[in-house]
Every structure is written in structure tokens, then in C-alpha cells.
Amino acid sequence: MINILDKTIIEVKNLTKRYSLGSIGFSTFANDVRKLFYKLGIRIGAPSKKEEFLALDKISFSVGSGEVIGIIGANGAGKSTLLKILSRITEPSSGQASITGRVASLLEVGTGFHEDMTGRENIYLNGALYGLTRKEIERKLPSIIEFSQIEKFIDTPVKRYSSGMYVRLAFAVAAHLEPEILIVDEVLAVGDAGFQKKCIGKMKKVSNSGRTVLFVSHQLNMIRNLCSRCIMLENGKIKHDGEVEETIKRYLSGTFDKKEINLSERTDRKGKNNYKIQSVKFCGTGNGDDIIQSGRDVEITIKVVSKNAFDTNIECAISIFDNDGNILSDLSNFFTNDSLLPGKQNRFEIICVIREINLNAGDYSFNCWLSTDLELEDFVVNAGTFSIKDGDFFGTGKTLQAKKGSVLLNQNWELKT
Amino acid sequence: MKNNLTVIKAKRSWWELEVRELLNYKDLLFLLVRKDFVTTYKQTVLGPIWVVVQALMGSAVFTIIFGKIAGIETNGHPAFLFYLVGNLAWNYFASVFGIGCNSLQSNIHLFSKVYFPRLIPPIADAVSKLINFLIQFLIYILALAIYHSTSPVLDSGIRIEAILLPLLVLQIAILGLGLGFIVSAVSVKYRDLSRFAGLVTQFLMYATPVIYPISEIPKAYQFWMAWNPLTFIVESFRYLLLGSASGCSIDYALPSIGITVMILLIGVILYNNCQRTYVDYA
Chain F
1 MINILDKTII EVKNLTKRYS LGSIGFSTFA NDVRKLFYKL GIRIGAPSKK EEFLALDKIS
61 FSVGSGEVIG IIGANGAGKS TLLKILSRIT EPSSGQASIT GRVASLLEVG TGFHEDMTGR
121 ENIYLNGALY GLTRKEIERK LPSIIEFSQI EKFIDTPVKR YSSGMYVRLA FAVAAHLEPE
181 ILIVDEVLAV GDAGFQKKCI GKMKKVSNSG RTVLFVSHQL NMIRNLCSRC IMLENGKIKH
241 DGEVEETIKR YLSGTFDKKE INLSERTDRK GKNNYKIQSV KFCGTGNGDD IIQSGRDVEI
301 TIKVVSKNAF DTNIECAISI FDNDGNILSD LSNFFTNDSL LPGKQNRFEI ICVIREINLN
361 AGDYSFNCWL STDLELEDFV VNAGTFSIKD GDFFGTGKTL QAKKGSVLLN QNWELKT
Chain A
1 MKNNLTVIKA KRSWWELEVR ELLNYKDLLF LLVRKDFVTT YKQTVLGPIW VVVQALMGSA
61 VFTIIFGKIA GIETNGHPAF LFYLVGNLAW NYFASVFGIG CNSLQSNIHL FSKVYFPRLI
121 PPIADAVSKL INFLIQFLIY ILALAIYHST SPVLDSGIRI EAILLPLLVL QIAILGLGLG
181 FIVSAVSVKY RDLSRFAGLV TQFLMYATPV IYPISEIPKA YQFWMAWNPL TFIVESFRYL
241 LLGSASGCSI DYALPSIGIT VMILLIGVIL YNNCQRTYVD YA
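Residue numbers (the working numbering), protein chains in the order written: chain F, 1 to 417; chain A, 1 to 282.
Read the hints as simulated data drawn from the structure, not as lab findings.
Fair warning: there could be bad hints in the mix.
[Claimed, not checked] Straight-line distance between alpha carbons at most 27 Å, and here's what the computed BS3-like set of lysine-lysine pairs gives: (1) A:K42 / F:K152; (2) F:K237 / F:K7; (3) F:K58 / A:K9; (4) A:K26 / F:K140; (5) F:K58 / F:K204; (6) A:K26 / A:K42; (7) A:K35 / F:K135; (8) F:K159 / A:K9; (9) A:K42 / F:K13; (10) A:K9 / F:K237; (11) F:K159 / F:K204; (12) F:K140 / F:K197; (13) F:K135 / A:K26; (14) F:K159 / A:K189; (15) A:K35 / F:K140; (16) F:K239 / A:K9; (17) F:K152 / F:K140; (18) F:K159 / F:K198; (19) F:K35 / A:K26; (20) A:K9 / F:K39; (21) A:K9 / F:K35; (22) F:K398 / F:K239; (23) F:K270 / F:K249.
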């Protein structure tokens with residue numbers, strides 16, 4: 001269900017963004033020279049085709065005035081590229097977007113803040129960067145200062161501000177830009193709870209006043225809270241565009257690989273292989289679907305076949321790595337003293353349950369290990385990957401940004417005097 | 001600015017430049033200049049005195065090496081005054097050229113986060129470098145007064161036409177930014193050129209009559225010197241501020257202004273073309 005309101009304010013047609021891969025060096029220079037000669041009609045070898053990556057692949061959609069649209073998608077789906085193009089930070093490779101009205105895009109709060117300048121000076125500079133005139137800023141100044149709650153420090157250099165004050169001031173400017181179209185990228189994820197609430201309130205007010213908002217976030221609750229329509233991007237294409245709940249549901253299930261990871265064909269394995277790992281499957285439990293979310297239980301099922309079964313205890317281990325290849329942890333029945341006795345069975349499944357998994361949303365890879373009585377039976381390095389979606393680990397609906405780390409710790413805070 | 005239509009698409013025409021948009025952001029220009037004033041001398045003890053020291057030192061070194069040791073003729077003016085004027089023009093050019101060379105690169109933190117006309121920050125920087133120019137200008141006036149009070153027969157002095165000096169300063173800014181834009185745009189993809197720019201600056205100083213008057217160059221070569229737009233500028237500075245007669249003829253003015261305008265056009269077009277996708281390379 002797409003609301004088509006009376007007036008289209010953003011019209012995106014076949015928007016495409018190509019990035020060339022590989023590093024820039026002598027070979028690209030040589031190719032550029034060849035290309036130049038080619039254009040001039042001198043043939044000294046045809047220029048080679050560059051390897052390219054499509055960050056956005058012929059995207060089309062339109063936005064009516066007053067719509068609040070959430071944009072979701074996995075990392076690398078093209079969300080940031082789309083925002084960058086609509087904010088005129090970079091140009092598309094082909095296609096076009098027509099925008100009616102003034103755009104303010106908040107890809108960051110506090111852009112251009114200079115720490116040696118006072119809060120007041122920074123308000124002026126920041127406002128001007130977003131295209132306000134000095135007169136407009138002057139008119140809005142009292143309201144900006146009030147919103148930021150730092151009246152007392154407004155003439156202090158911002159380098160003496162706490163990070164909370166800094167963010168409050170920066171957002172206060174942003175909140176007063178009053179554009180026809182507001183583009184927001186995750187910036188609401190900063191600041192304390194009270195201030196966040198205020199920001200959401202302000203955003204709601206902005207949208208209720210008939211302005212159009214494009215909002216990128218990993219925080220699905222915030223999307224639910226604010227948006228009337230949601231677009232899901234995947235590999236540079238629009239995967240789904242429509243009602244919020246429906247899109248979020250597709251996002252959570254769509255990108256998840258439900259299939260078992262088949263290891264039976266792998267030849268790069270070590271050990272005696274009397275016992276062989278056939279497949280490994282990660283899935284979330286307890287919610288009726290297979291999605292793995294932070295804070296929910298995860299069930300790992302390892303299918304094993306044996307050539308000649310012994311009556312022996314099996315030790316099974318799975319090491320988990322983050323996207324950069326750093327080891328995060330090692331799971332094994334060695335630590336838990338759980339015995340795994342398959343008896344004379346030739347086929348069996350080993351099941352490992354992780355309670356309330358404390359890994360952040362992201363992609364992870366794992367190794368898989370199987371041994372008997374300290375003799376290595378099967379070991380597959382880089383056996384596969386699994387991904388974890390944002391979940392409610394803290395029970396507050398808040399999530400940790402991926403760049404802030406991959407491990408979540410259960411914590412309580414209190415104040416003692 | 002209200003409710004106008006913006007079309008974002010690939011490969012707009014080469015020369016498309018929104019001059020009207022530039023004017024819409026004039027307050028940003030003003031605020032950036034003020035930011036430079038406010039922040040440049042924060043946390044330095046001597047503040048603007050460094051500019052004074054730099055100007056005096058530069059001209060003193062020239063006086064000793066080129067004036068006393070090498071014995072280069074200075075049109076009959078005191079060598080120190082001669083070099084002060086030369087450096088006044090040259091230093092402003094060199095600093096603006098330096099800004100131009102890094103104009104895309106040094107503003108990436110802004111360019112990657114918010115849209116505004118990309119020409120604004122380098123122009124603002126060039127304007128705020130004027131304060132150094134003014135300080136050096138005052139030093140020159142002071143030095144001239146001191147020389148006059150010690151030797152009453154001194155032939156050096158400021159001509160009435162010196163009210164035209166701002167036009168020359170504008171030409172320096174245009175030339176420096178234009179050349180800098182070319183370097184900045186080309187070094188977006190290949191950074192080699194930005195290293196090269198330092199060498200070029202050095203070479204250019206010796207190719208410009210900063211440490212010698214144009215009259216010292218054999219007549220046959222003076223024709224070639226005219227193709228360096230800075231020749232006219234520096235010689236005119238001496239004509240206006242010292243009263244030197246040489247070098248400031250229409251023969252120099254026309255190629256100088258012509259080349260400056262050409263460099264500005266090439267620079268702005270290249271820069272404007274590069275800034276559209278610059279963040280993809282950064």
C-alpha cells in the first residue's frame with residue numbers, strides 16, 4: 001500500500017551509481033591515457049573495461065509531500081549511496097532525481113563545528129552550511145538555544161562541552177532548519193534517552209507539519225515509530241516498498257539464509273574423518289521464525305555421519321569470527337562438560353543452544369571442529385557464515401551501532417553517593 | 001530558494017555553474033572568513049606577530065643574499081624596501097595558490113556530509129589570507145616612513161595610482177585560486193601533482209621578478225617574461241608602491257590579464273567538474 005498524496009515532491013528515476021573497483025595507480029593511469037588517445041582517434045590498444053560495482057541499480061520511486069519514509073537494508077545495500085545522491089554530495093552515474101523544495105540532509109550532526117568557537121558562533125556557521133541566511137539564524141537563535149538546553153554555556157568554546165551537550169547543540173540546529181524535505185541518517189541514535197525522545201518528538205512534529213522525511217536507520221523500532229512507508233534496499237535494488245510492518249518482516253526474514261550450510265562437499269578439511277560434519281545450521285528459536293536476533297536464543301544443529309562408529313565421547317567446537325576475521329569466542333562441550341555419546345549411530349545431530357546471544361547485529365563466520373578422545377576427526381576452517389539481526393538485547397529497544405563493537409554485555413547501572 | 005526544482009542527474013554540461021546559488025550562500029562565505037579570523041591565532045602566544053616576523057625575515061634574507069652578496073640591482077631603491085614589496089605580492093599569491101591546491105582535499109569532512117557550493121571554502125580562505133597581506137602592507141608603510149625620515153633624498157614613494165592596488169590583489173587571488181583549482185582537480189585521482197605543486201611554486205618565484213627587477217632581464221627575454229602573469233603584477237606593485245618606472249606597460253598588462261582569466265575559467269571548470277563526484281575518490 002503506497003500512499004500517493006496529491007503532490008509528488010521527490011521523483012527518482014532509474015537512479016544508478018557505479019563505483020570502479022581496485023586501487024588507483026600506474027595501471028589506471030595507463031588506461032586513462034589509452035582512453036584519451038582512443039577518444040582522439042589514435043589507436044594504441046583499446047582501453048580495458050574497469051571492474052565495477054553497482055551500489056545503486058536503476059532505482060525508481062516517488063515520494064509525496066508529507067510522507068515519512070524509512071529506508072532499511074543490510075550494510076552495503078545502497079542506503080548511504082542513495083542518501084548521498086539525494087543530498088547532492090555525490091552524483092549518480094545515470095538516471096535522475098527531481099526534488100521540489102529545500103533539502104536539509106543530516107548525515108552527521110555538528111558538521112563543520114569548530115571546537116575553538118563558542119556555541120553561538122557554531123550555530124551560525126552550522127546553520128549557514130545548511131543554507132540558512134544570517135537573518136534566518138538570528139530569528140531562530142533563541143529557539144535553538146532553548147531546545148539545546150545549554151543556555152549557560154552558549155558563549156563557551158564547544159571544546160569544553162561534554163559530548164552530550166555537543167550533540168544537543170548540533171541537533172538543535174538541525175531541528176530548526178525547517179526544510180521541505182529532511183534526510184536523516186541514523187543521527188537520532190546519539191544522545192541520552194530524554195533527548196532522544198525530544199528529537200523523535202521534533203521529527204514527528206516535522207512530519208505532521210506536512211514536511212517530507214527520508215529516514216535511514218537500523219533501529220527498526222524507530223522506523224515503526226516514525227514512518228508511514230518503508231523501502232527496503234538489497235544489493236542496490238528496491239526489494240520492497242510499502243507498508244512499514246510488511247517491509248520490516250521481509251527485511252528480517254528475506255536476507256536470512258535459512259538453508260543449512262552444507263559441508264559434505266568440502267575437501268579442505270583436516271583430521272581422520274571417521275566422523276564427518278555434513279552440515280551446520282544456525283537458527284533463532286522461540287519466536288516462530290528462524291531469524292537470529294541479538295538477545296534471542298540460537299540453536300546450532302551440526303549433522304554428522306560416521307564411517308565406523310566407536311563407542312566414544314565426542315568433542316565438538318565452533319569458533320566464531322567477526323567480519324574482520326578476529327576470533328570472538330569458542331563454543332565447545334569441552335567447557336560445559338556435556339557429554340556427547342553417539343553410540344553405534346552412523347548418523348546423528350549435535351545441537352548446541354546459545355542462550356540470549358550477546359553478539360551485535362552483523363555477519364559472522366565460523367570454524368567447525370570435531371574430535372574423539374583427543375584425536376582430531378574433522379576440522380573445517382571458514383565453514384560458513386551466519387548473520388545476526390538487530391534485536392532487543394537490552395530490553396530497552398535500543399541497539400548498539402555495528403561500528404561500536406560486536407559483543408553486547410548485559411549490564412546494570414546505578415548511582416551511589 | 002523556496003520551492004524551486006532541483007534535478008540531480010549525471011554528467012551535467014561542463015560549464016554549468018550556479019552563480020546565483022553562490023550568491024545565496026554569501027553569508028556562509030562571511031561566516032567562514034570570520035571563523036578563520038577567530039580560530040587562526042587561538043592558542044598562539046604571539047598571534048599575528050608571526051606574520052610580521054615572517055615578512056621581515058624573508059625580506060631581510062633576500063636583502064643580504066641577493067642584494068648584498070649577489071649584488072642584484074634594485075632599480076635604485078633600498079634593497080629592503082624593494083624586497084618587501086616583491087614579497088608582499090608574492091606571499092599573497094603563494095598562500096592563495098596553496099589554498100587552491102588543497103581546496104577539495106582539505107574540505108572533505110564538509111563535502112562528504114553536506115551540500116553547499118564547493119567554491120565557497122577556498123574563496124573564504126583566500127579572503128581571510130588578506131589579513132596577512134594587510135599586516136605586511138602596514139609593515140611596508142612603516143618601513144617606508146622610517147627610510148624617509150632617515151634619508152630625505154630618498155626617491156622611493158607611493159604613487160597616487162596606488163588606489164588601484166586592490167584590483168591587482170584581486171588578480172592575484174584569481175590567479176592563485178585558478179591555478180590551485182587545476183592542481184586540486186587533477187590530483188583528485190592522481191595525487192602526484194600536489195607534490196609537484198610545491199616545486200612549481202619555488203620555480204615560479206624565480207621566474208617572476210620578485211628578487212630582481214624586470215629591467216635586469218636582457219631585452220630579448222623580456223618578451224617571454226610577459227607570458228608569466230605574475231610579472232605584470234609584481235612589477236605593477238613596485239610601480240605603485242615604490243615608484244619604479246619599469247615593467248608596468250600595456251605590453252605586460254594584456255597577456256597577464258588574459259592568461260589570468262583563462263586560468264580562472266579552466267580552474268573553475270575543472271574544479272566544478274571534479275567536486276561533483278570527489279567524495280567517491282576521497
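Now the hints, each set against the structure:
At most 27 Å may separate the alpha-carbon atoms for a hinted pair to count; A:K42 and F:K152 meet this at roughly 22 Å. Simply put, F:K237 and F:K7 have alpha-carbon atoms about 25 Å apart, close enough for the 27 Å limit, and the pair holds. The hinted pair formed by F:K58 and A:K9 meets the criterion: a straight-line CA distance of about 13 Å does not exceed 27 Å. At roughly 19 Å between alpha-carbon atoms, A:K26 and F:K140 fall within 27 Å of each other, so this suggested pair holds.
For the hint linking F:K58 to F:K204, the alpha-carbon distance of about 31 Å lies beyond 27 Å, and the restraint is violated. Straight-line distance between C-alpha atoms of A:K26 and A:K42 comes to about 25 Å, which keeps the hinted pair within the 27 Å bound. This hinted pair checks out: A:K35 and F:K135 have alpha carbons roughly 18 Å apart, not beyond 27 Å. Between the alpha carbons of F:K159 and A:K9 the distance comes to roughly 39 Å, so the proposed pair goes past 27 Å and is violated.
For the given pair, A:K42 sits about 49 Å from F:K13 by alpha-carbon distance, which is inconsistent with the 27 Å threshold. Between A:K9 and F:K237 the CA atoms are separated by roughly 18 Å; this keeps the pair inside 27 Å, and the hint holds. A C-alpha spacing of about 31 Å is found between F:K159 and F:K204, which places the hinted pair above 27 Å, so the restraint is violated. For the given pair, F:K140 sits about 21 Å from F:K197 by alpha-carbon distance, which is consistent with the 27 Å threshold.
Simply put, F:K135 and A:K26 have alpha-carbon atoms about 12 Å apart, close enough for the 27 Å limit, and the pair holds. With a C-alpha separation of about 35 Å, the suggested pair F:K159 and A:K189 falls outside the 27 Å cut-off, and the hint is violated. Our distance criterion of 27 Å between C-alpha atoms is met by A:K35 and F:K140, whose separation comes to about 20 Å. Simply put, F:K239 and A:K9 have alpha-carbon atoms about 23 Å apart, close enough for the 27 Å limit, and the pair holds.
With a CA separation close to 18 Å, the supplied pair F:K152 and F:K140 stays within the 27 Å bound. Only pairs whose Cα atoms come within 27 Å are accepted, and F:K159 paired with F:K198 is accepted, the gap being roughly 24 Å. Restraint check for F:K35 and A:K26: not satisfied, since their Cα atoms lie roughly 40 Å apart, outside the 27 Å limit. In summary, the hint linking A:K9 to F:K39 is supported, as the alpha carbons are separated by about 24 Å, within the 27 Å threshold.
Distance check on the hinted pair: A:K9 and F:K35 sit about 24 Å apart at the alpha-carbon level, within 27 Å; holds. Between F:K398 and F:K239 the CA atoms are separated by roughly 26 Å; this keeps the pair inside 27 Å, and the hint holds. For the given pair, F:K270 sits about 40 Å from F:K249 by alpha-carbon distance, which is inconsistent with the 27 Å threshold.
Hint compliance for this structure: hints 5, 8, 9, 11, 14, 19, 23 are not met, and every other hint is.
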